[in-house]
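2 protein chains.
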Amino acid sequence: MAETDQAPPPSDQLAALNLTDTVEKHAFSDRVLIRSIVGRPDGGAGLAGQRVRAGGWVKTGREQGKGTFAFLELNDGSSPANLQVIVDAGLAVLSKLVATGTCVVVDGILKVPPEGTRQKIELRVEKVVSLGEVDPAKYPIPKTKLTLEFLRDHLHLRARTNTIAAIARIRNALAFATHSFFQEHNFLYVHTPILTTSDCEGAGEMFQVTTLISESEKLEKELIKNPPPSEVDIEAARQVVSERGEAVKQLKAAKASKSEITASVAELNKAKENLSKLEERSKLKPGIPKKDGKIDYTQDFFARQAFLTVSGQLQVETYACAVSNVYTFGPTFRAEHSHTSRHLAEFWMVEPEIAFADLQDDMNCAEAYVKYMCNWLLDKCLDDMQFMAKSYDKGCIDRLRMVASIPFVRISYTEAVELLEEAVKGGKKFENEVKWGIDLASEHERYLTEVKFQKPVIVYNYPKGIKAFYMRLNDDLKTVAAMDVLVPKVGELIGGSQREERYEVIRERILEVGLPLEPYEWYLDLRRYGTVKHCGFGLGFERMVLFATGIENIRDVIPFPRYPGRADL
Amino acid sequence: MAETDQAPPPSDQLAALNLTDTVEKHAFSDRVLIRSIVGRPDGGAGLAGQRVRAGGWVKTGREQGKGTFAFLELNDGSSPANLQVIVDAGLAVLSKLVATGTCVVVDGILKVPPEGTRQKIELRVEKVVSLGEVDPAKYPIPKTKLTLEFLRDHLHLRARTNTIAAIARIRNALAFATHSFFQEHNFLYVHTPILTTSDCEGAGEMFQVTTLISESEKLEKELIKNPPPSEVDIEAARQVVSERGEAVKQLKAAKASKSEITASVAELNKAKENLSKLEERSKLKPGIPKKDGKIDYTQDFFARQAFLTVSGQLQVETYACAVSNVYTFGPTFRAEHSHTSRHLAEFWMVEPEIAFADLQDDMNCAEAYVKYMCNWLLDKCLDDMQFMAKSYDKGCIDRLRMVASIPFVRISYTEAVELLEEAVKGGKKFENEVKWGIDLASEHERYLTEVKFQKPVIVYNYPKGIKAFYMRLNDDLKTVAAMDVLVPKVGELIGGSQREERYEVIRERILEVGLPLEPYEWYLDLRRYGTVKHCGFGLGFERMVLFATGIENIRDVIPFPRYPGRADL
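Top to bottom, those sequences are chains C and V. Per our numbering, the very first residue in the first sequence carries number 562; after that it's consecutive. Per our numbering, the very first residue in the second sequence carries number 562; after that it's consecutive.
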């Protein structure tokens, strides 16, 4: 698309220009992509005269000229910008078109509007092709300004608002940027499992997955419809078996005909079969199957207790220790009863894992990845970012530019604690005490990145006591090769580490933190056989969307938020 | 990389060539990408003389020249090709290097090997930088030829085999091709929920997700450690409260000092608090909470029964009906007790949804997407495809070429049944009877695509009785606008439909199939307010990997297969 093509092009270039100036269509549909009209540098003016079909939803509409025509602001989700559409009264019942949320498909001609209007192009409708009406009295989200909290009660319609649609486009861009970054750097995307039987860091906060309840309920229903046999029923059936057996014996003794005996044996077998069926059914008990007073998980779907994953890291390490550079990007789960604006029960994580690499490489990768995402949004989502800046967070574009361009500060945990102690001496008040050995609280992290440095900060080499067993023990034997990336607005965005690759050391560490070895034998095998120096990190994807958009509540940056008491749709 | 650069370049072009001929490194690591050496058109010969660091795992190794040096075939997962490495005995204990699975990092110089060898380049080691040993007597997968079935018992190590690594690269390529295709066509990637409370097509085959069991177990343990109070304990506590109350009364009557009364009131309050705690604890009952004989799901994490999703379609429709073109790509679940080579309990689905589009558009999109993936593999994964062709399925590359280039056959269900009936007349035997109204069985689908047409076939307009309520009713009132894409090797690869967008019709259909309306009110809202013609489909991602690789069992094309009785790691 040309930067300035409002002046009519020289006639000898007309044929060439017509090619690039053709309106882009939606794939697999006959309507135009509204972004390809109003998102042009010339606002669409260069397309005047073209005949197009447009489809979308009415953002706002109003009848004008005493009901002789209507203005519609039409949006198809391709960008935050609307196409202005003008429909004459002869073409449709205008009152049916103007309600917010109405879906219309129209054919018309693009025209340059009169001087003095904001739009550079508008669509003069020749035909209303189809119409999905809205009764504004009943439509749950008829107004254009609704609180994000209100919209959470209307998950199925909230993507029709400007805000949720813009977040959806930004989230989409960040997801594709993630794949593009890792693919460009030769990482393989590995689908780690959602269902897991390795309850790595304690099953306390894990969701259990089971078919025992539904199967016991099915059985219960069945037993009500068709009650199990009583002891009397079974005794009676036993009696029949013994009588039939007696009959066979007598026939044989009496040397009866072969056919008579065969018939009698058949009767006996039928009676035996009936008895064994009754005995089988009499064992059926409603309720979840138990053994020795405990739930009998051998009868569950996977023949053992199963949970939803809290991280794909341990599993993805099996691939890193085979094909070098890998990443996973998928849903993870925490059954935490926290009602904060930063926690979800279901959220998406990006977890790369790099073989033949140490903590420095890990930090380099994390920094490059975050910068890549920021540049991607500035490149490809500027219109949506401008919408977020205007509506929610004035500084969000500057923040992206800053993070994309400035080298991240890197300080050790020990230095970080010293800086926090200095701040306390200087009068800064924290709710949580600062001293070497504490886990940095959110307020400490925010202070470092937002106040002290005012840019992204990587803190590395944490005390081993506050970190997981798989992080590599440093030579000081006090700290581990862990790192957290802190960014303004959200604090901790990434947590990672070099992994302990030494068999004896990691075995000791598992025991030291009080975990059993048996569930980790497979993980130890990676160190027993062809062990390799490796590292990785996890990025909370919703945190990245919060960071980019400036939105305050994590429930608004995921399409279908799940939290205690709520899992709509 | 130049096509032919085995001849030494003219000296004036040397500087320029050196740039492109630099060995590519792994991102965020100091070692080279082995693919960038041996994957070159010249087999790496043009890189002779370069000093590099290489890291990887030994595929095969052998000592030679009476133990004076060793040959190692080194692989880093970047491609199926190995780098030949030669280590002299002076540099390391050779017996520690040659075991399959050993991890080594070496520095050395790339050299052209003697005439007559298969390799075009080899690495002469100058230094062994690091070593992750393997005890071949203990290594679970020391041999190079192991059955895929055997490898399923060693999920954590199987990616170290050529086959599973090649499948991982092909799977990765198909995943990125998927994102690239939909992003290029302006679809937004939407993360539909994994946890769902909409049990759309019957909860029978769904996994339940709950915290009730773990919470009841936690409580049970707590009550054993700290038993609930008995009625006697509570009565005693009540007695204390009444005594303390009496004491306060008496002090007040006696006009005791304020401090005396205050102290006495404090004692009373403490006693009251103790009583209420005991009463609270006495209500605790072990076991899953029940109400009216049924499990009380109001006490579950989401305050209602929750399941793992079987499809993101209904939810992604809420985004299609707001921002036009969307897709989801995520894990889905079926709690089916099927032990076939085509079923998993956890598998990945790609589900696009297109607004302003009908069944024709849906078929066009499905065909374009499948072709795009085939071309992608031919372009970017030919080395891995050649490995699959050599080792598993001679025809797999030809199949990709055929599907990428030939227009898919499109026939109505009615035509398909006629063709099958003709086949039966001609002597073809099917296990399942053929007549109008049946759901096509796998044998029918395979016959159409593999025998009759020998190319992909799209069957459309199925009888409404065998299809879901949300598929659009055709004007004949007997069929719905559904379509299945059948391909050689796997049969059904894609199932899709135009969705019923007419409120009255879909409401009727829900009732007709015997479902309650209430859980679908949100889905009906999409038709009530600004309804739009739309369509979509689902592609079983593992089926696509089976189709591409020619592998027989679906458990081998997903990194961590889950099926009845098994969910390792």
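To be clear, the hints were calculated from the coordinates, so they are not data collected in a lab. Worth double-checking, as some hints may not be accurate.
Note that identical chains are pooled: a pair holds if it fits in a single copy or bridges any two copies.
[Stated by the list, open to error] DSSO-like mimics (lysine-lysine), calculated; alpha carbons at most 30 Å apart, straight line:
| # | residue 1 | residue 2 |
| --- | --- | --- |
| 1 | Lys-657 | Lys-816 |
| 2 | Lys-706 | Lys-810 |
| 3 | Lys-620 | Lys-855 |
| 4 | Lys-844 | Lys-831 |
| 5 | Lys-627 | Lys-704 |
| 6 | Lys-955 | Lys-1039 |
| 7 | Lys-586 | Lys-782 |
| 8 | Lys-851 | Lys-786 |
| 9 | Lys-844 | Lys-813 |
| 10 | Lys-681 | Lys-990 |
| 11 | Lys-1028 | Lys-810 |
| 12 | Lys-779 | Lys-1028 |
| 13 | Lys-941 | Lys-838 |
| 14 | Lys-951 | Lys-1016 |
| 15 | Lys-844 | Lys-786 |
| 16 | Lys-586 | Lys-932 |
| 17 | Lys-955 | Lys-704 |
| 18 | Lys-1028 | Lys-657 |
| 19 | Lys-672 | Lys-819 |
| 20 | Lys-813 | Lys-941 |
| 21 | Lys-782 | Lys-1028 |
| 22 | Lys-831 | Lys-706 |
| 23 | Lys-844 | Lys-1016 |
| 24 | Lys-672 | Lys-989 |
| 25 | Lys-1028 | Lys-681 |
| 26 | Lys-852 | Lys-779 |
| 27 | Lys-810 | Lys-838 |
How would you classify Lys-844 and Lys-813 at a CA-CA limit of 30 Å: within, between, both, or neither? neither (35 Å within a copy, 67 Å between copies)
How do Lys-586 and Lys-932 come out at 30 Å by Cα distance, when the copy is not named: within, between, both, or neither? For Lys-586 and Lys-932, only the inter-copy Cα distance (20 Å) is at most 30 Å; the intra-copy one is 32 Å.
Up to 30 Å between alpha-carbons, please classify Lys-844 paired with Lys-786: within, between, both or neither. Result: close within a single copy only, 16 Å intra versus 33 Å inter.
With identical chains, the pair Lys-1028 and Lys-657 could be close in the same copy or across copies; at 30 Å between alpha carbons, which is it: within, between, both, or neither? neither (61 Å within a copy, 34 Å between copies)
Up to 30 Å between alpha-carbons, please classify Lys-955 paired with Lys-704: within, between, both or neither. within (24 Å within a copy, 61 Å between copies)
At most 30 Å between alpha carbons: which applies to Lys-1028 and Lys-681, within, between, both or neither? Result: close neither inside a copy nor across copies, 57 Å intra and 48 Å inter.
Within, between, both or neither: how does the pair Lys-844, Lys-1016 come out at a Cα-Cα threshold of 30 Å? For Lys-844 and Lys-1016, neither the intra-copy (67 Å) nor the inter-copy (53 Å) Cα distance is at most 30 Å.
From the Cα coordinates, with 30 Å as the cut-off, is the pair Lys-852 and Lys-779 best called within, between, both, or neither? both (20 Å within a copy, 18 Å between copies)
If the cut is 30 Å between Cα atoms, do Lys-782 and Lys-1028 qualify within a copy, between copies, both or neither? Between. Shortest inter-copy distance 28 Å satisfies the 30 Å Cα cut-off; intra-copy 49 Å does not.
First find the shortest C-alpha distance between Lys-851 and Lys-786 inside one copy, then the shortest across copies, and answer within, between, both or neither for a cut-off of 30 Å. The answer is both: 23 Å in one copy and 21 Å across copies each meet 30 Å.
Is it within a copy, between copies, both, or neither that the alpha carbon of Lys-681 lies no farther than 30 Å from that of Lys-990? neither (54 Å within a copy, 67 Å between copies)
Indicate which option fits the pair Lys-620, Lys-855 if close means a Cα-Cα distance not exceeding 30 Å: within, between, both or neither. So Lys-620 and Lys-855 fail the 30 Å test inside a copy (58 Å) and across (47 Å) alike.
Going down the numbered hints, you'll see the structure goes against 1, 2, 3, 6, 7, 9, 10, 11, 13, 18, 19, 20, 22, 23, 24, 25, while the others check out.
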